[in-house]
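Enquirer: Okay, here's what each chain looks like letter by letter:
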Amino acid sequence: MNSRIRGARAAGAVLGTITTVAFGGMAALGIAFFHQESATGSGTSSSPSATATPGTSDDSTGSAGSTGSGSVTGGPTADGGTGVSAGQGGGFQGRSSGS
Amino acid sequence: MTGSGPNTSEWRVWSTTASVAVTDTGSLRVARELVQSVVAEVDAACSRFRPDSELARITGRTSAGVEVSPLLAALVRTALEAAALTAGDVDPAVGHRLIELGYDRDIEELRDARGVPVGLRRLPSPRFSWRDVHLCGTTLAAPDEVVLDLGATAKAFAADRAAGRVASSLGCGVLVSLGGDIATAGAREDGPWQVLVEDVPGDPRQQVSLTPGWAIATSSTQKRRWLRDGRSVHHILDPRSGLPAAEMWRSATVAAPTCVAANTLSTAAIVRGPAAGSWLAQQGAAARLVDSARHVHRFGGWPEAADDTEGALLDVR
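Chains W and E supply the protein sequences, listed in that same order. To get my numbering, take the position in the first sequence, counting from 1, and add 379. To get my numbering, take the position in the second sequence, counting from 1, and add 485.
Honestly, the hints are just simulated from the structure, not real lab data. One thing to keep in mind: the hints can contain errors.
Computed far set for chain E versus chain W, every beta-carbon distance over 10 Å [said to hold, decoys possible]: (1) Q521; (2) S532; (3) D537; (4) G587; (5) Q707; (6) R716.
Cβ pair distances, simulated, as ranges [to be verified]: (7) Q467(W) / R616(E): 40 to 46 Å; (8) G470(W) / S654(E): 42 to 48 Å; (9) G459(W) / R716(E): 19 to 25 Å; (10) G468(W) / V685(E): 21 to 27 Å; (11) G468(W) / G622(E): 24 to 30 Å.
None of these values were measured; they are calculated from a predicted model. Beta carbons: idealized from backbone N, C-alpha and C, even for Gly.
Pulled out of the complex, with its shape left as it was, chain W reads as follows:
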């Protein structure tokens, strides 16, 4: 499911635009986790909100707690919108393990 979460007005500030892919569950729950600072962001808002539009139909509104607005830059790729696909071999740059 493609989700498009657009920044909405919060405390007089217009936040950035967020595009997520295949994360309809969270969008439907009205949760927009975006905490990356962005060069295109709009600064600090103590109570930002975001409007989520999963697919082309139902809208939902949720909160997105963050100082600074940001953009989730994950886009549609060969991974089918999950952000992850089979490794290419030849080494790695990061290691994910519990801590």
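Chain W is already provided as a structure; the job is to place chain E on it using the hints.
Expert: Chain E alone, transformed into the frame defined by chain W:
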């Protein structure tokens, strides 16, 4: 293991390993400094183990509401969002219970916590939960007895923030790993980031491609363990029982647009036990769970791989 290449730097923090990889070798030194500054800011705001942190200073005097910094407010709000998303599986109000169980100092200092002998009894019902914590703007209110533990989300928050700060400041692609919580930002012309998913040596491992801008997080019942009255316990609590979550899963790994989202889902998967798979599928997230017998379970389009049990992967950048 990830710190030897020209584009990567690695160091110890929060009793775990941090690393940063960049697409521009010339940016590495400043990138590391930026990541370390974010980590220091988050630590000063919400560490449970240093008495001078902002969180430590307000603990016990929140009942009437207390003004907190924008950063701490963001951290608390993130934790409350995670709690809401997971119906309380990831609850920041478990700090007091963690202390009761002995996790009252840095894990490296914790070998055999012998404080008050509460043992491992199940709590009849949690006295406080995230629903008792209220945040309005930067005003935080909660019963004075509530001890917040933001550990479940703060590290991922820091990874997201650090990756964003490096990319926006230096204009390069970046991968930030804080104890295995990985956030990426910026473009990478060489294709997706390569990430090795492996919790502890001997567990199934898999190398995956991570789309630039996405994140991946692993939660584990095998790490951050200590002895409590002679029994080995881990740090991911089931808020409903007040006990470490059942160890049906050794680890849970999730990919998501942000590290906070990935970590929230992976932590909740550990807590949910047998219900984790269907719940993750509902969330639309790709996930990889390793069960107690070290069998791999994939959900939501997590890629199949032939190298789940392979070793000898090279660390090449």
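Enquirer: It remains to establish, for every hint, whether it holds in the given structure.
Expert: Now the hints, each set against the structure:
| no. | hint | in the structure |
| --- | --- | --- |
| 1 | Q521 | holds, 16 Å |
| 2 | S532 | holds, 15 Å |
| 3 | D537 | holds, 21 Å |
| 4 | G587 | holds, 18 Å |
| 5 | Q707 | violated, 6 Å |
| 6 | R716 | holds, 20 Å |
| 7 | Q467(W) / R616(E): 40 to 46 Å | holds, 45 Å |
| 8 | G470(W) / S654(E): 42 to 48 Å | violated, 27 Å |
| 9 | G459(W) / R716(E): 19 to 25 Å | violated, 43 Å |
| 10 | G468(W) / V685(E): 21 to 27 Å | holds, 22 Å |
| 11 | G468(W) / G622(E): 24 to 30 Å | violated, 49 Å |
Going down the numbered hints, you'll see the structure goes against 5, 8, 9, 11, while the others check out.
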